[in-house]
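Chemist: Dock chain H against chain A, hints included.
There are 2 protein chains.
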Amino acid sequence: MAQKGESTAVGLHPLSGIRVLAVEHFRMGPHGTMMLADAGAEVIKVEPPEGEQGRIITVRSSDGRDVPILPASLSRNKKSVTINLQNQEGVELFKSLVKVSDIVWENMRPGVMDRLGVGYAVLKKINPGIIFVSLSGFGQGDIMPGPYMDRPAFDAIGQGMSGLMFAAGSPEQSPLYNTAVMADTVPSMMGAYSALVALQMRHRTGLGQHVDVAMYDNMVALNNLSINLYLMAGVKIPRGALATSAPFGPFKAQDGYVVLAVGGEKIWQRFCTAIGREDLVGRPGLGNGNERALNLETVLRPIVEGWMADKSRQTVCDLMLEHGVPAGPTQDVEDIVVCPHLEARQTFWEVDDPVLGKVKVIGNPIKMSAAPPFAPTPPPMVGQHNQEILGNLLGLSAQELDELKARGAL
Amino acid sequence: MAQKGESTAVGLHPLSGIRVLAVEHFRMGPHGTMMLADAGAEVIKVEPPEGEQGRIITVRSSDGRDVPILPASLSRNKKSVTINLQNQEGVELFKSLVKVSDIVWENMRPGVMDRLGVGYAVLKKINPGIIFVSLSGFGQGDIMPGPYMDRPAFDAIGQGMSGLMFAAGSPEQSPLYNTAVMADTVPSMMGAYSALVALQMRHRTGLGQHVDVAMYDNMVALNNLSINLYLMAGVKIPRGALATSAPFGPFKAQDGYVVLAVGGEKIWQRFCTAIGREDLVGRPGLGNGNERALNLETVLRPIVEGWMADKSRQTVCDLMLEHGVPAGPTQDVEDIVVCPHLEARQTFWEVDDPVLGKVKVIGNPIKMSAAPPFAPTPPPMVGQHNQEILGNLLGLSAQELDELKARGAL
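Residue numbers (my numbering), protein chains in the order written: chain A, 3 to 412; chain H, 3 to 412.
Same shape as in the complex, but just chain A (with noise of 0.2 Å):
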């Protein structure tokens, strides 16, 4: 595979040209522009002259290292350069850049960005085309304020806020956080989705806008199906269950889960005839996804996982498969890091990460016939590309450039 600093040079890459100043940190920001910069955005991280927060953030290995977990995750293709916006020179600085650049993507609290003298407000007057795509837990004032809006916010706030965590877990369990951290990765998904959406309407206008992606909105959005339900039909969805299909979900096997999802009549027709039973079909209170929903626990269950006790995972998912029934097993990590699918699918992208050397993380998941394949470049290291953007792009020599550090503008 071509190194991404050939390819983009000739503008190969999907996003090639354009440039993205993230005021980021942690993972609610890093992670949309991680996905422009693996469609080939230019993504310019603005860091404090310390780094960002998120790279402070250590887990133990298994062989006892302290392990920065986020920069080779979400930070691969970044450049980074340190800013000091708590300065005035290097707010000047920032906004040199912003007349050169299409987005200004910022995680900071609502209100941040225009204390500093960066918010939208002023860039629009320096580059009316910019892009200014906030990313909070509650949005932005200028843009739809709201009670909540000064609150703060974490992944977790997100989840328990949006009904996520009674989505999953039976009945009589305590509200579930799950470690997807998804009230990060979902609404972060959505601003990069809506960073697209005004480059879209500036093609059109010529003029960029303030874009206002909130956390407990997305989430509410995501979490669409129970809401929706229970505003049209006035119901409550069963915790952890399907109301309208079944079997759909896991069953234990031998060896153990099969998750199957059986949706609609042909395909319980199918399922029926591939464990033998075909006198199952029509049966009353199994007579459509409603009913066996609501029979699940007392009727279906026992039977299925009758029929499975003594079938390995695989027996199970063959036949199924056979049969035209979806099915698959329940995998944890250690399953999805040798999945055969996954690696034929170049799921996994080795980064050559500064401290860590060489580690394998998910790359990016959208394959694009006209998009050529690269090689992800290392995170950066906290300033790295001071050179090659305040030098080179801006025009900063190098005695001027050691100034501005000198005089903590960098």
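It should be emphasised that the hints constitute simulated quantities derived from the structure, not laboratory data.
Watch out, some of these pointers could steer you wrong.
One copy or two, either will do: identical chains are not told apart, so a pair holds if it fits within one copy or between any two.
[Unchecked claim] Below, in silico cross-link-like pairs of lysine-lysine (DSS-like), each with a Cα-Cα straight-line distance of 30 Å or less:
(1) K238 <-> K362
(2) K126 <-> K101
(3) K238 <-> K360
(4) K313 <-> K126
(5) K313 <-> K238
Modeler: Below, chain H alone, put in the same frame as chain A:
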């Protein structure tokens, strides 16, 4: 608010002028095109004469009606034409539409569009600029084949195979299905994102491409924290709990649960002050997030829940927020639909459903300063826009449409 029809006429919406042909059904297809339609794209559902399969999914309402839940929630702002793609004249009509469209979006099983004669290889010859977005369980053979490619998939399969069923709950529990159907929704969001990535590329190259968005790939990417941790540090995240922060998740108060998100030492100090236990700061075993996570159940939870036991959720949240500790109640659907903040953020739209009458549904969670608000148009009846699209746009006469219908093409 202006009606959509008024303002799209003058191209005010972000995606005005973008025409999408959606050969879609159930949820995985329709969610992403809903996002595009909510941003002003002209999304035309291309349905078989009997309507797409998702239209027949109903839920029994609290007052005993069978409520079709998908149209109002996923197809507001869309149009509908009937085209029978198993009929040669239907195929020719579809190709005529492709000539005047920007995006073809489909979630048929891989290979089906090719067999019908409307695969990307054919359509790109008719319109080299067409962007062809395919959503599937396991990906497209012409882009990046893999051994599971022909497998069917519904939401539960994507949750089970990506490890997400082990991301919540406790170690002794069975894997847990999450009713937020995120394996339909998140890949569909990523499809909308990648459609715009391809559109941005087309501004430079003039050419479209085939975009391959697989449920499995994208759910693995959503579950990136635990998989990347395993790849980079060789450790498995404990099920249902963050290893790097505590207290971080739901804790029991007098009348329900409160989510705390104590991320970092500054917030830990504020938390200790809030509960009047400054003595905990720096205590061995609670000295940083990793240690507190390790001692959560044995040491920390009893302290936190002991303090909360005689306090309401509201009291706890107010006090935490006063002290700058991120906190919020765990909410379920009843709380969400009356939340004053979501009301202020115009989260719920009133949709005039042709079957249900006026119902509220979750609207567009993305707020953009230059996007005019608009009242959503109702979800279309099957073929409601045959005259507008096939008649006015393609120029077929009423008689031709009648004849095509009689011959089974519409």
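Chemist: Next step is simple, just say for each hint if it's right about the structure.
Modeler: Going down the list of hints, with the structure as the test:
For the identical chains of this complex, K238 and K362 are inter-copy neighbours only, at 15 Å across copies versus 42 Å inside a copy, given an alpha-carbon limit of 30 Å. Within a single copy, K126 and K101 get their C-alpha atoms as close as 10 Å, which meets the 30 Å cut-off; across copies the closest is 38 Å, which misses it. In this assembly of identical chains, the alpha carbons of K238 and K360 lie at most 30 Å apart only when taken from different copies (20 Å versus 48 Å within one copy). With identical chains, the CA atoms of K313 and K126 are never at most 30 Å apart, being 64 Å at best within one copy and 47 Å at best between copies.
In this assembly of identical chains, K313 and K238 lie within 30 Å of each other by CA distance solely across copies; the values are 28 Å between and 35 Å within a copy.
In this structure, only the earlier hint numbered 4 is contradicted, and the remaining ones agree with it.
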